[in-house]
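S.K.: Can you build the whole structure from these sequences, using the hints too?
Protein chains: 2
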Amino acid sequence: MNMAEEIKRKTAEIDAIIESFMPEEEDYQATVIDAMKYSIASGGKRIRPLLMSETYKMFGGEGEGVEYFMAAIEMIHTYSLVHDDLPCMDDDEYRRGRKTTHTVYGENMAVLAGDALLNYAAETALGALDSDIDPARIGKAMRVLFNKSGINGMIGGQTADVEAENKEPSEVTEDLIEYIHVNKTAALIEASMMIGGILAGADTIQVNTLERIARNVGIAFQIQDDILDVTGDFKELGKPIGSDERNHKVTYVSLHGLEQSKADVEALSKEATILLHTLEAENPFLEQLLLGMIDRKK
Amino acid sequence: MNMAEEIKRKTAEIDAIIESFMPEEEDYQATVIDAMKYSIASGGKRIRPLLMSETYKMFGGEGEGVEYFMAAIEMIHTYSLVHDDLPCMDDDEYRRGRKTTHTVYGENMAVLAGDALLNYAAETALGALDSDIDPARIGKAMRVLFNKSGINGMIGGQTADVEAENKEPSEVTEDLIEYIHVNKTAALIEASMMIGGILAGADTIQVNTLERIARNVGIAFQIQDDILDVTGDFKELGKPIGSDERNHKVTYVSLHGLEQSKADVEALSKEATILLHTLEAENPFLEQLLLGMIDRKK
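Just so you know, the protein sequences line up as chains G and D, in that order. Each residue of the first sequence is one higher than the one before, counting from 7 in our numbering. Each residue of the second sequence is one higher than the one before, counting from 7 in our numbering.
Any given hint could turn out to be false.
Since the list gives no way to pick out one identical chain from another, each pair is judged satisfied if it fits inside one copy or across any two copies.
As the list claims (entries may be wrong) - Calculated lysine to aspartate or glutamate pairs in the DMTMM-like style (CA-CA distance at most 20 Å, straight line): (1) K268 <-> D250; (2) K146 <-> D136; (3) K63 <-> D96; (4) K255 <-> D97; (5) K173 <-> E113; (6) K51 <-> E31.
FYI, nobody ran anything at the bench for these hints, they're computed from the structure.
M.R.: Here it is, written out as structure tokens:
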């Protein structure tokens with residue numbers, strides 16, 4: 007299996023799936039729909055829908071029912087980026103080399119497009135009620151989706167992150183950094199794997215295991231991000247090295263040191279693999295994908 | 007029946023219901039939860055949950071199942087106001103004599119609090135799956151809720167309204183004004199009555215009739231708003247008269263004239279009453295409430 011080729015092929019399929027769920031009808035609200043489509047066509051890695059789809063297959067899931075949720079979680083991820091880029095938040099003019107939504111459509115339309123994507127994620131996920139998936143599983147999946155994306159998940163992490171930026175370095179504790187990693191980053195990864203399992207009929211214990219695997223992967227991914235900011239290669243990473251230190255930003259690495267951080271990534275990754283092997287289901291591609299998210303150079 | 011007293015009593019009950027659904031747990035995201043609570047405790051009229059609850063009772067609905075959706079629709083209404091007040095939107099410092107959310111918590115927290123309220127509306131409505139209401143009805147109600155609050159409902163109307171403000175008066179057509187009234191205002195009124203009916207077991211024809219009644223009431227309500235801006239009494243209305251004309255704002259009244267506007271309100275109101283009487287269910291309080299929303303001096 008050539009992982010890079012496989013990922014490329016599957017990502018293209020996911021792009022097509024997401025596009026197929028975007029709204030067609032246009033009336034006097036055409037601008038907000040354009041802004042939604044511009045935002046979602048960002049060339050992102052689609053890692054959340056990919057994890058969901060692979061977990062779904064791992065538990066024997068078949069057919070198109072999962073696609074409603076694959077599109078929905080990418081809409082939620084996208085709206086969070088659109089609002090995060092706003093002038094009153096991170097004030098970013100570019101993302102992945104492309105102008106941000108408010109830069110192209112104005113701030114008011116970017117606020118509305120973000121709102122519209124979150125709202126449309128709910129509409130899209132509810133569309134799964136028209137598929138052949140058991141409605142009880144859809145209800146459970148909806149609850150996981152909006153729990154992990156809300157105040158006890160992504161929005162919670164986002165809030166803590168925004169506030170941490172205005173804190174003195176001494177106030178940014180290990181506990182706070184962990185809260186941000188778990189909620190801002192890991193929560194939607196957890197939702198992706200849990201929903202894949204739930205829709206395919208995984209039982210409660212299995213879904214809990216998926217949650218722990220995804221949490222480990224999400225946290226390790228973030229620590230690796232901090233490590234690469236110190237040790238990375240400018241050419242591979244495509245962004246300046248050492249920016250966290252120059253910005254006096256408290257990171258996992260500045261709190262725990264480089265060696266400990268590397269050891270923690272290793273331990274989290276190993277635990278994730280062991281947990282994955284406790285499941286009675288198997289998906290070698292998913293295992294490679296999870297390890298690749300952690301053990302990366304960029 | 008003393009309508010004013012009844013409305014006051016029922017509104018107090020709804021305030022308590024909404025409060026009971028607001029999140030308790032606080033961690034590093036405490037600020038966004040505070041901002042959500044501040045926003046929802048705005049002293050609004052709670053007209054949407056009231057209409058939902060009364061329609062639910064009209065069709066024989068009993069018990070607390072409807073309360074999840076009563077809270078959810080008020081959260082959606084509230085988030086739309088929080089984002090609408092932002093500097094990049096209407097830039098309002100006060101609403102109902104109280105400082106707006108961004109004025110108190112900052113723009114970034116107001117964006118997050120709005121997002122959090124919309125997301126929490128989904129979580130709250132999904133909580134109805136724990137009640138004794140048939141899950142199939144809950145699925146239908148969720149679909150109506152997010153359809154009417156999204157790009158083919160409230161957000162659509164909001165988008166058209168934002169864009170209309172930058173248009174030449176000659177570009178603001180009757181069709182556009184109707185689109186804004188139907189979507190920005192009527193859509194959530196429609197959702198309120200439809201969901202009340204759906205959760206209580208109203209059939210498709212009855213739900214369609216509820217939608218038409220609510221649409222008439224919503225449109226008439228907005229036209230009455232435009233009429234009062236011309237003919238209202240400053241003391242009763244509590245805001246300056248004639249502001250639309252001074253702002254060269256195109257309104258229903260400026261397009262159709264005062265007499266025609268009054269006649270249209272009368273006709274919409276009459277049709278709503280006739281439609282209400284075609285339903286086999288009855289709720290005299292609801293009828294008075296709907297008429298009172300239209301035939302008002304403030």
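S.K.: Evaluate each hint against the coordinates.
M.R.: A quick look at each hint next to the structure:
| no. | hint | result |
| --- | --- | --- |
| 1 | K268 <-> D250 | within (17 Å within a copy, 63 Å between copies) |
| 2 | K146 <-> D136 | both (16 Å within a copy, 11 Å between copies) |
| 3 | K63 <-> D96 | neither (37 Å within a copy, 47 Å between copies) |
| 4 | K255 <-> D97 | within (17 Å within a copy, 33 Å between copies) |
| 5 | K173 <-> E113 | between (27 Å within a copy, 18 Å between copies) |
| 6 | K51 <-> E31 | neither (27 Å within a copy, 33 Å between copies) |
Hints 3 and 6 from the earlier list are contradicted by this structure; the remaining hints agree with it.
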